[in-house]
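> Spelled out, the chains give:
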Amino acid sequence: MAFLEINHLVKDFGAQRVVKDFNLSVEKGEFVSFLGPSGCGKTTVLRMIAGFETPSSGHILVDGRDMVKLKPNQRNMGMVFQAYALFPNMTVAQNIAFGLKVAGKSSSDIQATVKEMLSLIKLEELGERYPFQLSGGQQQRVALARALAVKPTLLLLDEPLSALDAKIRVSLREEIRSIQRNLGITTIFVTHDQEEALSISDRIVVMYQGKADQIGTPFEIYNRPATRFVASFVGTINVLEAQVVEPSTGQVNLADQTLHLQRALPQTHGNSVSLALRPETVVLGNSRSVVLNGMVQEVSFLGSVIRLRISIGSQSLSMDGFNQPNTQPPSIGQSVQISFEPNDVLVLADA
Amino acid sequence: MSNSLTVHQRTTLSWAWLGVLPFLLFALLFLILPTLNIVIGAFQNPEGNFTLENIANLFKPSILDSYWISIKISLASALLGCIAGFLIAVAVVLGGLPRFIRSPIMTFSGVASNFAGVPLAFAFIATLGRVGLVTVLLRDWLGFNLYGTGFNILSFWGLTLTYLFFQIPLMILIITPALDGLKREWREAAAMLGASGFQYWRMVALPILWPALLGTFALLFANSFGAVATAYALTGSSLSIVPILLFAQIRGDVLHDPHLGYALAFGMILITMVANGLYLWMRARSERWMK
Amino acid sequence: MKISFLQRFSSWIILLLGILYFALPLLGTFEFSLRMKRGEYSLEAYRVILSDSRFQQTFSFSVMMALLTIVLGVLLIVPTAYWVRLKLPRWRPIIEFITLLPLVIPAIVIVFGYIRLYNTSSWLPLTGSSFGTDILMVCGYTTLALPYMYRAVDTGLRTLDIATLTEAAEILGANKITILFRVILPNVTVAILSGAFLTFAIVIGEFVFAALLNRPAFGPYMQLVGANRAYEPAALAIIAFGITWMCMGLIQLVTRLQKHTRIQAPR
Ligand SMILES: Nc1ncnc2c1ncn2[C@@H]1O[C@H](COP(=O)(O)OP(=O)(O)OP(=O)(O)O)[C@@H](O)[C@H]1O
Ligand SMILES: [Mg+2]
Chain S
1 MAFLEINHLV
11 KDFGAQRVVK
21 DFNLSVEKGE
31 FVSFLGPSGC
41 GKTTVLRMIA
51 GFETPSSGHI
61 LVDGRDMVKL
71 KPNQRNMGMV
81 FQAYALFPNM
91 TVAQNIAFGL
101 KVAGKSSSDI
111 QATVKEMLSL
121 IKLEELGERY
131 PFQLSGGQQQ
141 RVALARALAV
151 KPTLLLLDEP
161 LSALDAKIRV
171 SLREEIRSIQ
181 RNLGITTIFV
191 THDQEEALSI
201 SDRIVVMYQG
211 KADQIGTPFE
221 IYNRPATRFV
231 ASFVGTINVL
241 EAQVVEPSTG
251 QVNLADQTLH
261 LQRALPQTHG
271 NSVSLALRPE
281 TVVLGNSRSV
291 VLNGMVQEVS
301 FLGSVIRLRI
311 SIGSQSLSMD
321 GFNQPNTQPP
331 SIGQSVQISF
341 EPNDVLVLAD
351 A
Chain E
1001 MSNSLTVHQR
1011 TTLSWAWLGV
1021 LPFLLFALLF
1031 LILPTLNIVI
1041 GAFQNPEGNF
1051 TLENIANLFK
1061 PSILDSYWIS
1071 IKISLASALL
1081 GCIAGFLIAV
1091 AVVLGGLPRF
1101 IRSPIMTFSG
1111 VASNFAGVPL
1121 AFAFIATLGR
1131 VGLVTVLLRD
1141 WLGFNLYGTG
1151 FNILSFWGLT
1161 LTYLFFQIPL
1171 MILIITPALD
1181 GLKREWREAA
1191 AMLGASGFQY
1201 WRMVALPILW
1211 PALLGTFALL
1221 FANSFGAVAT
1231 AYALTGSSLS
1241 IVPILLFAQI
1251 RGDVLHDPHL
1261 GYALAFGMIL
1271 ITMVANGLYL
1281 WMRARSERWM
1291 K
Chain B
2001 MKISFLQRFS
2011 SWIILLLGIL
2021 YFALPLLGTF
2031 EFSLRMKRGE
2041 YSLEAYRVIL
2051 SDSRFQQTFS
2061 FSVMMALLTI
2071 VLGVLLIVPT
2081 AYWVRLKLPR
2091 WRPIIEFITL
2101 LPLVIPAIVI
2111 VFGYIRLYNT
2121 SSWLPLTGSS
2131 FGTDILMVCG
2141 YTTLALPYMY
2151 RAVDTGLRTL
2161 DIATLTEAAE
2171 ILGANKITIL
2181 FRVILPNVTV
2191 AILSGAFLTF
2201 AIVIGEFVFA
2211 ALLNRPAFGP
2221 YMQLVGANRA
2231 YEPAALAIIA
2241 FGITWMCMGL
2251 IQLVTRLQKH
2261 TRIQAPR
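Protein chains in written order, with the numbering used here: chain S, 1 to 351; chain E, 1001 to 1291; chain B, 2001 to 2267.
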């Protein structure tokens, strides 16, 4: 049995079902991100784990123990909020000491732990400051230290970085991840930023309308999206509509051009099928086995990457290539050949 | 260009204070000078020479008693007003009561906090006087003789109970925004760290609210310490609290010494000033964590 | 955060106790005011009060005082608050401190000072004539209303971008006085009205100033009725409560109306 087990979790707010049959198991020490658009229920699931909301039905087990009946202050979890939520009337050190004081630890224990936590977040000098004297990033690090000081079994982070500016966001997420690795603490991290989720998670739960659409490693989520939603939400992807000609060999017709996908398709002859393709899997020229003719519609120079928009009949797709200082990119209106490998193509299940 | 701009600004700046001159003049004539006059009068004898005798005369037992009962009533009504107002505000803001009751309660508080003076005294006489509604109902329905317990609307508790009618709403009006300022995340963070509801209130919420609570307490204290009309209409001159004594003195020199009247008034200013000074000092101590 | 049954239950108990405390005196007073005729409820006490010529005189006197106080208050406070926000931001703590003084210095002390400072043998013998005393009283009431009026107006000004409004008007050729009356004043009407209704509620039943300056105002009249009659005071209390309620209701009304206009006219 996994360390954290969530079974058939459901939450209704009045008539609205916000979380629908949510299932997840998390191993000890794992870093799992909840990723999804605004309003999909990420916070609600997290708050049910923390005990701030009661599930309408379903189970939450930590280490085999049912959590649902426990109050938040009996669960021994740590939580970091989006808006820091440091106690403004306490210094940094007092904030970190709060959970230990409440637990009745001796003052020498408390001092030692506070010192250890301050060095963990590299703010040894700032123990006597009040929260208003800290920057946003510093405040969030203190919030992390405060949550970790009580040695929680589970660390919950609800968009802890979204109030910070982009640069600090990147450095702080690395820091959170490395602290998490060192302490080996099981962590759930809520975000709506896919880059954030992809870069630091062991596994990602992509949520959509209260359900877990797909659970997997960042690599799986990105390269093998299970649903049309996951494909479109994570990264940039081209979705092209084609007509099935021969299901058994994967022969399809796209804008009067014939493509061989070299795999069996579930659809029958004459039906349409959605094909998904990451921009970086497409190259100019006919060096790969599936070749299409198109016309350059748009050229965007993004620095190291050049993104082309190619029209194919009435549809279009984006493709990325690295910048080559000595090669001029094609110009708009030019007819080009593009190609890709058949197994880079994802056949999406119908939504 | 930039040079002429700065010159222009300088000249307007240096004369800008003229704009508040009417206000300052008004405040001087009708607030500051009259008060100073009383303060100076407290240290003068009828011939206009400096003396400490008036102040010394304040320490006569009868006058000390007046101060003492005034302070007791003000403390009691401020403290009870703070506690009751706080409990009601907490119940309304955080206690899970339906949201729609909030607006009528705030409106009513606005009305009741301004419903002081003579009519308020009438209302309490009609309610808790010897033939008041509650007195009669208690007697007829429960067989309970309120006045048999020694209660009297013209007494310490009667006056305190009456003052609460404007003290509690004032507290509600002031403390509700402060309660709204308590972030939900603080409560949740405390719970996550293992704190009970009681620990959250003791270690987080109350310290954060402390300056607001203290300030309101000082305000409520001054509010009832200076109140004349309610007490006068309620008790006539039978309860000798300081403002009533001063009122009678101004009307007819009951102390047989006009300068003792100044000293009496000076004592009132001193006490409300001390109360507010105490508040400012404690606030400065408890607000180190604020911007 | 979940709210437990116990919390909810105690909230209701506290609320009910509060309602009881505040409703009983009002009910008691109302019931008492109806008991003037033996054996039946009647509005006799109200009839007696309303037809008393002393009531009519003192009440209209106090209304007059209240209106004059409001006018003086607005003329004094609006330009000051505007000017302080525009040109003298560093003076704000001082001005604010002065406006809060009347909450700390008891009213009775202030009148006492007036009587000493402006008596018949002083340099400005305002109390020598009833006209002079009325002026003094209006000034006194304005002082009492200072904390409320200033705060209302200052809050109203804070939501406006005064500097920009003033500059815009100056570019169009308006001078400072025009700006104040044609641009700023209309924009803080609601704040002024709120302060005005509050002032009205305070002044209409005020007792100490009127009693000690010996003017025939509504407050001393009520006190007199209370000392000599049985049922009429209860009727007066209900009337006074009604006036206070009306003033607060009007404050709410204008505030709500402002919200609607605000939505139509984006700032
Ligand atoms: N207390 C509540 N009462 C009623 N509805 C709620 C409540 N809390 C959340 N909801 C609804 O539940 C849905 C999911 O909300 P939730 O906060 O879990 O979304 P989220 O995925 O965290 O979104 P975001 O990225 O914006 O934070 C939303 O439609 C929201 O309106
Ligand atoms: Mg959320």
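For the record, the hints were derived by calculation from the structure and aren't laboratory data. The structure displayed is predicted, hence computed values, not measured ones. Hints may be right or wrong, so weigh each one.
Straight line, CA to CA, 25 Å or less: simulated SDA-like cross-link-like pairs of lysine to any residue [to be verified]:
1) Lys-2037/B x Leu-1018/E
2) Lys-151/S x Met-1203/E
3) Lys-2176/B x Leu-1018/E
4) Lys-69/S x Ser-2004/B
5) Lys-2176/B x Met-1203/E
6) Lys-1072/E x Leu-2101/B
7) Lys-1183/E x Lys-2037/B
8) Lys-101/S x Ala-112/S
9) Lys-1183/E x Thr-91/S
10) Lys-1183/E x Gly-136/S
11) Lys-1072/E x Val-2104/B
Which chain E residues face chain S? A few, computed with CB under 7 Å, are given here [unchecked claim]:
12) Phe-1050
13) Glu-1053
14) Ala-1056
15) Glu-1185
16) Leu-1193
17) Pro-1207
Derived list of chain S stretches under chain E, where covered just means 3 residues or more per stretch with a C-beta under 8 Å from a C-beta of chain E [unchecked claim]:
18) 59-73
19) 97-104
20) 178-184
Backbone N, C-alpha and C fix where the C-beta goes; we use that ideal spot for every residue, glycine too.
> Work down the list of hints and note, for each, if the structure agrees.
Structure-based check of each hint:
At most 25 Å may separate the alpha-carbon atoms for a hinted pair to count; Lys-2037/B and Leu-1018/E exceed this at roughly 62 Å. The suggested pairing of Lys-151/S with Met-1203/E holds, with an alpha-carbon distance near 21 Å, which does not exceed 25 Å. Between Lys-2176/B and Leu-1018/E the alpha-carbon distance is near 14 Å, which keeps this suggested pair within the 25 Å criterion. Between Lys-69/S and Ser-2004/B, the direct Cα distance comes to roughly 13 Å. Compliance with the 25 Å bound is thereby established for this hinted pair.
Pair hint Lys-2176/B plus Met-1203/E does not hold up; C-alpha atoms about 52 Å apart against a cutoff of 25 Å. For the suggested pair Lys-1072/E and Leu-2101/B, the alpha carbons sit about 23 Å apart, so the restraint of at most 25 Å is met. For the given pair, Lys-1183/E sits about 56 Å from Lys-2037/B by alpha-carbon distance, which is inconsistent with the 25 Å threshold. Between Lys-101/S and Ala-112/S the CA atoms are separated by roughly 13 Å; this keeps the pair inside 25 Å, and the hint holds.
About 18 Å separates the Cα atoms of Lys-1183/E and Thr-91/S, which keeps this hinted pair within 25 Å; it holds. For the proposed pair Lys-1183/E and Gly-136/S, the alpha carbon gap of about 17 Å is at most 25 Å, so the pair holds. Straight-line distance between C-alpha atoms of Lys-1072/E and Val-2104/B comes to about 18 Å, which keeps the hinted pair within the 25 Å bound. Interface restraint check: Phe-1050/E against chain S, minimum CB-CB distance 48 Å, threshold 7 Å, status violated.
The beta carbon of Glu-1053/E comes no nearer than 48 Å to any beta carbon in chain S, farther than 7 Å, and the hint placing it at the interface is violated. For Ala-1056/E, the interface hint is violated, since its Cβ never comes within 7 Å of a Cβ in chain S; the closest pair sits about 45 Å apart. Satisfaction of the interface hint for Glu-1185/E is found here, the shortest Cβ-Cβ separation to chain S being roughly 3 Å, below the 7 Å cut-off. A hinted interface residue such as Leu-1193/E counts as satisfied when its beta carbon comes closer than 7 Å to some beta carbon of chain S; here the least separation is about 3 Å, so the hint holds.
Evaluation of the Pro-1207/E hint against chain S yields a held restraint, the C-beta minimum of about 4 Å falling below 7 Å. Note: the region 59-73 of chain S has 3 residues with beta-carbon separation from chain E under 8 Å; the three-residue rule is met and the coverage holds. For the region 97-104 of chain S, the assignment as covered by chain E holds, since 5 residues bring a beta-carbon within under 8 Å of that chain's beta-carbons and 3 suffice. Coverage of the region 178-184 of chain S by chain E is violated. Counting CB-CB distances below 8 Å, 0 residues qualify, and the rule asks for three or more.
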